[in-house]
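Undergrad: If you want the building blocks of each chain, they are given just below.
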Amino acid sequence: MDIIEVSIVGVGAFLAICMFTTLYGKSNPLYALAEESYIGFGTGLTIVINLLFIYKTGILGIQAGDWLLSFGIILGIMVLARIVPKYSYIARVPIAIAIGAQFGLALRTEIFTGFLDQIRSTIFPLLTGDAMTLLNRWTIALSVIFMLSFFFYTTELKGPLRWSARIGEYAMYVAFGGIFAQTFMGRLSLFVGFMQNYTVPPWKIPYLLGSLIIVFAAVIILDRAKLLEKLTPEE
Amino acid sequence: MVNPLFQVPGIVSGRALGMILVIVLAILVYYYMSSGKKIYIRRVPGLDAIEEAIGRSAEMGKPVVCSFGIGDFNYWTMAGLAILSHVATLSARAGTRLIVPTGGSDSSLIVRPVAEEIVRNAYLLEGKKEAFDSNDLPFLSGQQYAYTGGYIGILQRTRPASVIMTGDHYSEAMNIAETSNAIGAITITSGGYISNVAALACASDYILIGEEAPAAGAYLSKEPPLRASIRAQDIYKALALILIIGGLILMTAGSDIVVQLLVS
Amino acid sequence: MSSFFKSKTVQLTIMILSFLAVFVPYFIDVPAMTTFSTELITIAAIVSAFTLLLALYSQFRRGYTFIQKRKRGWMFKAYMMISIVLMLVFALFGQETGPYNWVMYAIITPLSSVNYSILVFYMASTGARAFRARNTRALLLLITGFIVLFYQAPLTGAFFPQITPVALYFTGTFVAAVAKMFLISVTVGAIVFGMRVLMGKEPTILGFTKEEAS
Amino acid sequence: MTEQKTEKRSIYRMLVEYDRRIIYLFIFVLILAPLMQPFSLPIQVSPGTMTYYNVLNGLKKDDVVLVVFDTEFSGYMEIQSGILASIKMMFEHEVKVAIAVAHPEATGIPQLVFDQLKGVMDQHHYIYGQNYINLGYIFPNSASVASTAQDFHSIVRQDAYGRSIEGTFLDNVNTWKDWTLISVYTTGIQSGSIINHYGLRGTPIIVNCIGVMISTQQPYLSSGIYKALLESMRGGAELEYLTSSPGPGLTAMNSFTLGHYMLIIAIILGNIGYFGYRSEMSRKAKEER
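Chains as they are written, first to last, in this note's numbering: chain A, 1 to 235; chain B, 1 to 264; chain C, 1 to 214; chain D, 1 to 289.
Only chain A is shown next, with the shape it has when bound in the complex (with noise of 0.2 Å):
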């Protein structure tokens, strides 16, 4: 391990920490910094990246012969318009076509995964298959069809459809007792793959454990000391 790995392991900690702060509920400058710093270092991230693209596609292929792609680059420059507002209007062609070819990307396919596809799946036969395959099959299938009848709001919900309805929001709420569950475990992944990332290999926990102290201390110092909100960046 050099200093270039240790400063990495150490300031990442320390910054961590910084924004895990805001668990103790009050704002405090410790977490200011840790977010600016990402706020900071992060825009700089996706301009660096984007511009690279540009570069990458845009001018790339005009120099490969492509040489469409100019308008692009002209396009896109149409688009900073927006920057003076006396002349944003300029920035209307631009993102006319850009939101005309989103639309058309997504109404030219979305039709087919969230909708088409959707029902395809749904539609299987419902007395053939061993036990649990069939009570899976009536689940599914009585489901969706009761949830969807939630969802009706131009016809009133009177007699079945109201039955239906009801039973469709209660399948709704088993549902969401599932689907908490498995966000849990997501959040509860990514904290653990965080924390791994301090403490593989055991010569990183000292700096993990370090930060954890000396941060939370000086919060907790400060907020006693009435100076918490004194030192942090009005909103």
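Some hints could be false.
[Claimed, not checked] Pairs of lysine to any residue residues, derived as SDA-like cross-links and limited to a Cα-Cα distance of at most 25 Å, are as follows:
(1) K56/A x F160/C
(2) K38/B x R70/C
(3) K61/D x V173/D
(4) K128/B x K38/B
(5) K6/C x S88/A
No lab work stands behind these hints, which were simulated from the structure alone.
This structure is a prediction, so every number in the text was calculated from the model and none was measured.
Once you've looked at the hints, dock chains B, C and D against the given chain A.
TA: Leaving out everything else, chains B, C and D in the frame of chain A:
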């Protein structure tokens, strides 16, 4: 792989039905928009919850916080704005202070002025022009988590009696709903994407599930295009339901004709 | 010239043409149109990349006002602006090594992870509070939530494998069904929204104010 | 308010009203401790992971696989076990691997993966350009994904290091048809466009997604667009177990178990507190009457 039921010459195989469905949907939307009829939309129960919450805020003399999401002008944001307009009207009428946190992403920048206009209008129409304060629509940065931090700060300082969070919210919604709950506010949320809905269903006192928010928005809105959209959507949902039920029955009887139709 | 840009009809026409150029070749196979659509999509990708430069501008403008007014904590904003510039400068020295790479691993990656992983704390406290059998809905949430959570803990499968089929039943049926249903209804909603935009009923999206549009 | 404070709080009430930060503290400790002092607990492989394993196991020498890192760096922390185990399997099957990135933060991931799998790559004589390539950030938006599916070389001309991709194995790749498999590691940035522009046309896709996305990805699995879905870090650990190459996933599983059990216990205690407190209150109300 199942063979398609039909093919249209000149159309890429397997894509005909999709194209037809998109075109028919466009025609339906256009038809209902231009027909001029006022389309019936059922009132979703979430709206009662919102009214109750604002009423309680007024009784307690505490503010209402209402946000419309952090996305650009999309499906969910539009619904959020329609609900915001309603909340603003009710708040103006009840004489409750309304706080609307804005920002959260760079793409949401263009929504902010529209939201301000909506709230100002609502106060104007209720004859409470002087009660409107543009400082009550604080801009909390174009960054998701700076916005979240600012939002939470507002909740902790102003202690509202109700928090209504609609529109296009992402993972920050959990964060806000938890705080809102901790300070004892009635928390009403809506969710567009499913893992958020599930988490919010746990964290809030009342939730508008998925499409309920746009439907509520259309119910409140006077504009025919919104109602026309909901009508067209309902027809397609009914179509989905018919295809599923029909398909299940026929498939069980041994015919995969509906599946063949769907891959056409 | 400016009336050309300001006309709603012109903008709508451009948008619809761009839409059709991408939409139609997917269904009707004409090679020339397909090539053009690919080209147009690439152009749209480049335009989208440019819009991110606007984000840079808005960050700077906001930071600048903050500092100019000497608001409390303005140093933080100054630091933020300096770090944007630093990152751009660092990129000039290459991306695989050097300061750019250092910032990537020492600052951006840990903070990005914390941003999302912090939610586990909120979810745990929500779960602990919300999973109480207060009413039918909460009871239903509680039952599946409990079973799936229990199943997800890797150790459970080792001493109580019977839970696996039960948990998979819930995730494979109810969860799958609600996801499917959501997808169907949201897809239709999004398509209809797209049509509303293309039909010129949502002028705000193109940057028109209500007065200009009407 | 002050009256309540002086009144002695019952155990039930304490279980209902407590400082949230206690839960936060518990999570911190329960996750951190097992990572600092690893011990092994058994696990069970789920059917979904088995399918995923079988798809990868079916790859043949010189198949062409597109690996997409569609994730922020945070997502990498969660699914790195799946990424490493899957790509290791690909290298062991001697397939050709092209890596594409769909988020700026992921641009550093390919190098991390190559570094960690150096042993396997040397063993199977992997040469840059001939057997694998890092294309870098080629998927910034859905339009770029769509372009690559229609005409790959119209939009991708260089690799991540600025070298021309001409003369590499990608010369044989022109459209969506030319990929044997697309293996996506995702937090959901461009996964939708990959489905729309590749999956829908018929390119086989397997996915390792973060836990938050599992429910939203289920429909694509059941409708057959995805051949297999590896769930979050848990799936990655199971894959490590199946390929008998213990890595970050398996070491994390104890923290994982404890984190889950903590929440379960908190829920149980919360319910005991809730019902206990409620009956206490109703008893009090009766007494007062």
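Undergrad: Now tell me, hint by hint, if it's right for this structure.
TA: Verification of the supplied hints:
1. K56/A x F160/C: Given pair K56/A, F160/C is violated - Cα atoms ~54 Å apart, limit 25 Å.
2. K38/B x R70/C: 54 Å, violated
3. K61/D x V173/D: Between K61/D and V173/D the Cα gap is close to 16 Å, so the pair holds against 25 Å.
4. K128/B x K38/B: Not OK: K128/B and K38/B at ~30 Å, beyond 25 Å, violated.
5. K6/C x S88/A: 10 Å, holds
Consistency note: the structure conflicts with the earlier hints numbered 1, 2, 4.
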